[in-house]
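Student: The residues making up each chain are set out below.
Number of protein chains: 2
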Amino acid sequence: MTAARAGDGTANSDRRPCSATDVRGRGFSSRAALPVMEGWIDAAVAPLPPLAVPLADLAATLAEGVVLAAPVTAPGNWPPADRAARDGVAVASSDTLGAGSYNPVPLPGAVTVAAGEPMPPGTDAVLPVEAMQTDGPFVEALGSAAPGEGVERQGEGLRAGTVLLKAGHRLRPQDLGLLAALGIDVVHVGARPRVRIVLAGGPRSGPETLCAMLAALVARDGGVVELVGPLPADRAALAAAYAAPGADLLISAGRTGVGEDDVAPLALADAGGLALHGVALRPGDSAALGWAGGMPAVLLPGEPMACLTAYELLAGRAVRRLGGRDPALPHPAVPAVTVRKLVSEIGCTELYRVRRTADGMVEPVASPHRPGLAGAVLADGFVLIPADSEGVPAGATVTLRCFDGTNL
Amino acid sequence: MTAARAGDGTANSDRRPCSATDVRGRGFSSRAALPVMEGWIDAAVAPLPPLAVPLADLAATLAEGVVLAAPVTAPGNWPPADRAARDGVAVASSDTLGAGSYNPVPLPGAVTVAAGEPMPPGTDAVLPVEAMQTDGPFVEALGSAAPGEGVERQGEGLRAGTVLLKAGHRLRPQDLGLLAALGIDVVHVGARPRVRIVLAGGPRSGPETLCAMLAALVARDGGVVELVGPLPADRAALAAAYAAPGADLLISAGRTGVGEDDVAPLALADAGGLALHGVALRPGDSAALGWAGGMPAVLLPGEPMACLTAYELLAGRAVRRLGGRDPALPHPAVPAVTVRKLVSEIGCTELYRVRRTADGMVEPVASPHRPGLAGAVLADGFVLIPADSEGVPAGATVTLRCFDGTNL
Numbered sequence: 001m002t003a004a005r006a007g008d009g010t011a012n013s014d015r016r017p018c019s020a021t022d023v024r025g026r027g028f029s030s031r032a033a034l035p036v037m038e039g040w041i042d043a044a045v046a047p048l049p050p051l052a053v054p055l056a057d058l059a060a061t062l063a064e065g066v067v068l069a070a071p072v073t074a075p076g077n078w079p080p081a082d083r084a085a086r087d088g089v090a091v092a093s094s095d096t097l098g099a100g101s102y103n104p105v106p107l108p109g110a111v112t113v114a115a116g117e118p119m120p121p122g123t124d125a126v127l128p129v130e131a132m133q134t135d136g137p138f139v140e141a142l143g144s145a146a147p148g149e150g151v152e153r154q155g156e157g158l159r160a161g162t163v164l165l166k167a168g169h170r171l172r173p174q175d176l177g178l179l180a181a182l183g184i185d186v187v188h189v190g191a192r193p194r195v196r197i198v199l200a201g202g203p204r205s206g207p208e209t210l211c212a213m214l215a216a217l218v219a220r221d222g223g224v225v226e227l228v229g230p231l232p233a234d235r236a237a238l239a240a241a242y243a244a245p246g247a248d249l250l251i252s253a254g255r256t257g258v259g260e261d262d263v264a265p266l267a268l269a270d271a272g273g274l275a276l277h278g279v280a281l282r283p284g285d286s287a288a289l290g291w292a293g294g295m296p297a298v299l300l301p302g303e304p305m306a307c308l309t310a311y312e313l314l315a316g317r318a319v320r321r322l323g324g325r326d327p328a329l330p331h332p333a334v335p336a337v338t339v340r341k342l343v344s345e346i347g348c349t350e351l352y353r354v355r356r357t358a359d360g361m362v363e364p365v366a367s368p369h370r371p372g373l374a375g376a377v378l379a380d381g382f383v384l385i386p387a388d389s390e391g392v393p394a395g396a397t398v399t400l401r402c403f404d405g406t407n408l
Numbered sequence: 001m002t003a004a005r006a007g008d009g010t011a012n013s014d015r016r017p018c019s020a021t022d023v024r025g026r027g028f029s030s031r032a033a034l035p036v037m038e039g040w041i042d043a044a045v046a047p048l049p050p051l052a053v054p055l056a057d058l059a060a061t062l063a064e065g066v067v068l069a070a071p072v073t074a075p076g077n078w079p080p081a082d083r084a085a086r087d088g089v090a091v092a093s094s095d096t097l098g099a100g101s102y103n104p105v106p107l108p109g110a111v112t113v114a115a116g117e118p119m120p121p122g123t124d125a126v127l128p129v130e131a132m133q134t135d136g137p138f139v140e141a142l143g144s145a146a147p148g149e150g151v152e153r154q155g156e157g158l159r160a161g162t163v164l165l166k167a168g169h170r171l172r173p174q175d176l177g178l179l180a181a182l183g184i185d186v187v188h189v190g191a192r193p194r195v196r197i198v199l200a201g202g203p204r205s206g207p208e209t210l211c212a213m214l215a216a217l218v219a220r221d222g223g224v225v226e227l228v229g230p231l232p233a234d235r236a237a238l239a240a241a242y243a244a245p246g247a248d249l250l251i252s253a254g255r256t257g258v259g260e261d262d263v264a265p266l267a268l269a270d271a272g273g274l275a276l277h278g279v280a281l282r283p284g285d286s287a288a289l290g291w292a293g294g295m296p297a298v299l300l301p302g303e304p305m306a307c308l309t310a311y312e313l314l315a316g317r318a319v320r321r322l323g324g325r326d327p328a329l330p331h332p333a334v335p336a337v338t339v340r341k342l343v344s345e346i347g348c349t350e351l352y353r354v355r356r357t358a359d360g361m362v363e364p365v366a367s368p369h370r371p372g373l374a375g376a377v378l379a380d381g382f383v384l385i386p387a388d389s390e391g392v393p394a395g396a397t398v399t400l401r402c403f404d405g406t407n408l
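For the record, the sequence lines run as chains X and U.
Position 113 (the first sequence) corresponds to 113 in the UniProt record's numbering; numbering is contiguous.
Position 101 (the second sequence) corresponds to 101 in the UniProt record's numbering; numbering is contiguous.
To be clear, the hints were calculated from the coordinates, so they are not data collected in a lab.
Careful: at least some of the hints might be erroneous.
A pair holds if it fits inside one copy or across any two, identical chains being indistinguishable in the list.
Think about it this way: if two alpha-carbon atoms lie no more than 25 Å apart in a straight line, the pair counts; the simulated SDA-like pairs of lysine to any residue are [what the hints assert, rightly or not]: (1) 166 <-> 64; (2) 166 <-> 185; (3) 341 <-> 149; (4) 166 <-> 363.
Looking at chain X on its own, in the form it has when it is part of the complex (with noise of 0.2 Å):
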């Protein structure tokens, strides 16, 4: 087993030599624990350099995710002029003074305008249509309106310097629309890394199932996907796909385990360094970090179930990180009550897959021991119960992760 090696482009204090050892045939002496292999991650891994996009060219991507890399702040006084609320006439509201539907008024100097437009010079206030007729070329109110009636006053809607979007805002259509009218047409934004996935094969192993599920994690997470394989279980082949040039990240799925074709975090120290082997995790607890050719990498299990386990709490936390995303997980998180009792290992984070009741509680579908991703399927989201707890008992209030935050 070789020292981990240090990266060439990021500086950390994780670089020691590596701990690890080959557990084919023998097991893991110990796993990492969970905020182990996190901060491991946040300290190798740093954010990309944002892009400088045109606001047109952000509307086609937004659904997949683009985060502002700088916040956004109000330019000036918005409106900018005292502008009309409401379609309908602009008028000098002292023109209509005592003006009713058997009460017509006459008032030569209106003007139609539409919400949105500048009030015209000399007018203070917007009468609806409804409230006027015309006469031949004459216009008259039937209504009398106050002054400031209809009308949006300058400044009203925001303050020069009101912090409109946070860094790190997730940007939805509106914010678009409000950038476009403030002439903002460039906007900053987090980069989408390049994220390699190299499947990892073997003679009864079938990685190739993993190449979907794991390209649109990738693409969730707001990365662009190299894909390369299923390779063999071949420790030189897999270290030369995992070193080569033009990724920011490698993400290796496969050959973690026990077995003796199980070179994945060999063929990584050869690459760069294996830095943990082995995370307290069910499932998932083969993955593996480490450096290949001075890129982070992280090297899944090929079990399906522990694939995508280790890929929301290890991999896709360096996929967002390297984007300038919020690195936590991106699934939205609501509180709901258990149907039945979760046990769990102590010293072992564990994720059991839910799903919602008629009555808004949450039930398992299957145990952190179950293979496959049937039970994933099925599900609606998971609940996580950390390291240090035996578990949870029926009634317990517990934090659901939604797989889909379309489905609350």
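Put chain U on the given structure of chain X with help from the hints.
Tutor: Just chain U now, with coordinates in the frame of chain X:
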């Protein structure tokens, strides 16, 4: 005003002669209730035929929302045979009887397996590697295993015919993984409707500021955008742009109000038919529905907040229906308690932009009367007050619609 003309592709019962009249300079004599507008859309807009898409091609667009056009059921029991539920060594449990750390028991037929791999013939349990030791060529158990321990039984995960994913389900990354594992490599998903966005301008408007917002909204709802304009407020030019072939839906923004240059409804009448003009919705009350060159058409006001509101409640519904999605609002709905009274006019559906307070309540950011997107940008979501309500008092529980599923 011409009569509403039937579309050429869709049978429905709403092809009555048009009752809308020219509102320019006169105002609306009446406005349709929001449910009437929704009902017109539902009758006029039928889903497009689904698409058969290779699984591998779905990963890149999954974040934009891809919905299943048909349910997916388990093609067989899953797993198809007993398989390892954890990494370790497959053994015949009877061979491990009495084994312990002080009583190693030789296991001549032990085979290393990874979680998810089939159980080799003659084995019925998986010992973790940590419960084994090797002594030269010999493998010894340091603990005993009960029959079935560490094994997932055939059919335990899924029974053949179980509905895994319903029609209309929005695909998630793990769904792609399971579909791949089941050998399903082509999926029938909702179509991506071709949506023409026409920006209808005029001397005093800035419809180009709506472009990015509308394109992002249509992309969020699964449409592919064709952008036309900004065009001048010219009836013939707009009618020609509206009626041109090549799209599934027309959305036009701007020039729907009561001003002399608000010619979009007249142009729609020329291009096919104006069915309904004016909706009891604030903001957004000058929206219109009809037909253009045989396709359904939605006209949105040019004031940005009115445009956003009318898109969400009318145009988005049409986009989502075409793509086979749930036509209801896509914004996650959560209960929330009002900090202040929200007043509303009887007979009009009103939209309040609201933000969450530190204690989880909601307070209005902007009244339905206030134009401009600043309020929508500073808001976390919105609350709709239905037409039959004069508002809700402080402390009432309302439904908060979140602008973004990640900000719960």
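Student: Honestly, which of those hints from before does the structure not fit?
Tutor: Per hint list: zero violations.
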